[in-house]
Amino acid sequence: MDIEQKLENIRGIIVRAKRWDLFFTLLGILSLMVGVLTFTILFVDMAIEGVPRLSMDFFTSFPSRRAANAGILSAWVGTVLVMLLTALAAVPLGVAAGVYLEEYAPKNWITDIIEINISNLAGIPSIVYGLLALGLFVYYFGFGQSILSAGLTLALLILPVIIVATREAIRSIPQAIHEGSYACGATTWQTVRDHILPYSSAGILTGVILGMARAIGETAPIITIGALTFIAFLPPAPFTGEPPAGLFDWIFAPFTVMPIQMFNWTSRPEAAFTVNAAAAGFVLVFMTLAMNGLAIYLRYRLRKNIKW
Amino acid sequence: MSATLPVQVPLMTEFVSDRLSKKASRHVKERIIEFLLFSAAAFSVFVTVTIVYVLVKESWVFFQTVPLSDFLFDTQWTPLFDDAHYGIMVLLSGTLTSSAVALLVAIPLGTIIAIYLSEFAGFKLREIAKPFLELLGGVPTIVYGYFALTFLTPLLQKIYPDLPGFNLLSAGLVMGVMIVPYVASLSEDAMRAVPMALREGSYAMGATRLQTALWVVTPAATSGIASAYILGISRAVGETMILAVAAGMQPNLTFNPAEPGATITSYIVQVALGDLPHGSIGYQTIFAAGLTLLLMTLAFNLLGYWLRKHYREVY
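If you read the sequences in order, they're chains U and Y.
Sequence positions in the first sequence follow numbering that gives the first Met the number 0 and run 0 to 307.
Sequence positions in the second sequence follow numbering that gives the first Met the number 0 and run 0 to 314.
Heads up, a few of these hints could be off.
[To be verified] A partial selection of chain Y residues facing chain U, derived with a Cβ cut-off under 8 angstroms:
no.: 1; residue: 32
no.: 2; residue: 54
no.: 3; residue: 55
no.: 4; residue: 267
no.: 5; residue: 271
None of these hints come from the bench; they were simulated from the model.
From the three backbone atoms N, C-alpha and C, an ideal C-beta is built for every residue, glycine too.
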């Protein structure tokens, strides 16, 4: 075999390898396009069907047996109230746990158990949290099928998200900041309060928003605790009604939330309700996208601005 | 970390201001705060313990009436009928079939996207694509369910007219698309963690990007990619709303994705939507089903943990 032929062989190998390379590039773009396309179709399909249904009345009407009159008033009010309780419960707990694990935790088996446990909690299906809440909040604590039960359930569900976000935010603060603070005689808590928490607050906020965006779309655990699908009244506002409701009576009120309202309409056979489902879905997707978008923007800003 | 300074200035002691002297109250306050923060972290363990306790307690009552052998080997699931059968296999077949369809979509697509983003795509494209994937993962699953039922199923029926309105296939396919972001994003992280020197070595030998990606980067990132797959599997097994909306909720012992079927998760939803009295056998079945689900995901999580520990390449 002369040198010319060997060269020819090598050229062949190179050309073939490059052809595969190009082929894979196209395959990669194609795969990415499948994702993009699915999302676009999903969104556009829902928008075409649902957007004409969106009017002021849709937001200010209760659900109804007649599809054309039905609205999402009780659903969005329920979602807002449940989210409020979720945030109130999950944020302090999650941030405290994250701070403990990053700043205080000694290296021992207890810390190991907590860490393994948190990553394990993140992998538990959401419906299992619903069963937990059904056994614990609804029957054992006797909270019933209330806003309180739902808020606490979702809080447990997003706790791992907030803990992980807090830890990552804290970890990105350079060690020198800690050392500087300790060198000035600060205690651990003073360091955390005056330095660690303020500097990591944007990162934590990003995590909280992502967690809330997840909670807002969760349907299964809330159905499991037995939320009703047809609610034609609002929870009692404080100091109104007869006799006047207490400041916190609303947390024990029955409720429905956006995803459950959408599920209810989706599972009805009449086409008119499918339109309602599309409209509710559009509002829901819009809310989660806005929250996710905000989180992504915050992270982007954060990465750009902070140079330690 | 209350450091006691070893500095001793005996002559000056009387001049030390009150603010700087060591105070017991300061120490106690630190301890209380540390204890509170520890309680918050330990609370997560409490959550896990409570989950297991609640599920086991209710399932225990269930298994008093239904022998475990019936639960595992009966081929019918009719807990709400007069002639009640409790064969979890029926629900398990729905879960496995839909998960298999989902993974057939999610694993190839997710891996290809991960390799493409990590080894082929430029910085700009990656900066746009990653947040986009995140958005895709953030869409509520009920919306995916709506999409499967009202868009994908009619579309599939045009190709395959015998397909029933509720089927595991279309739910599984949409579930696959839902899982792609998780698989892609985690695999990509694992691949990006592979040191540049390995790639440079490969390029220096004259390998193309594809050869480097397949024969150098992917093997080096195996443990991360495997745990991404496992996360995908446990997502698929635990997914609820897509199946509840688009797969119908009739229990059906089948491995044919073109049939309707109930899964463990959609059965729980179905029961919760009805009004079962607290303490009835029907109420207990959802805890037994939930326990099965928890054990499955726990097994996958442990497998993932083990894979990470034993197959991790350390550089």
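Hint check results:
1. 32: Status holds, d = 5 angstroms.
2. 54: Holds - the Cβ of residue 54(Y) comes within 8 angstroms of chain U, reaching about 6 angstroms at its closest.
3. 55: violated, 10 angstroms
4. 267: holds, 6 angstroms
5. 271: holds, 5 angstroms
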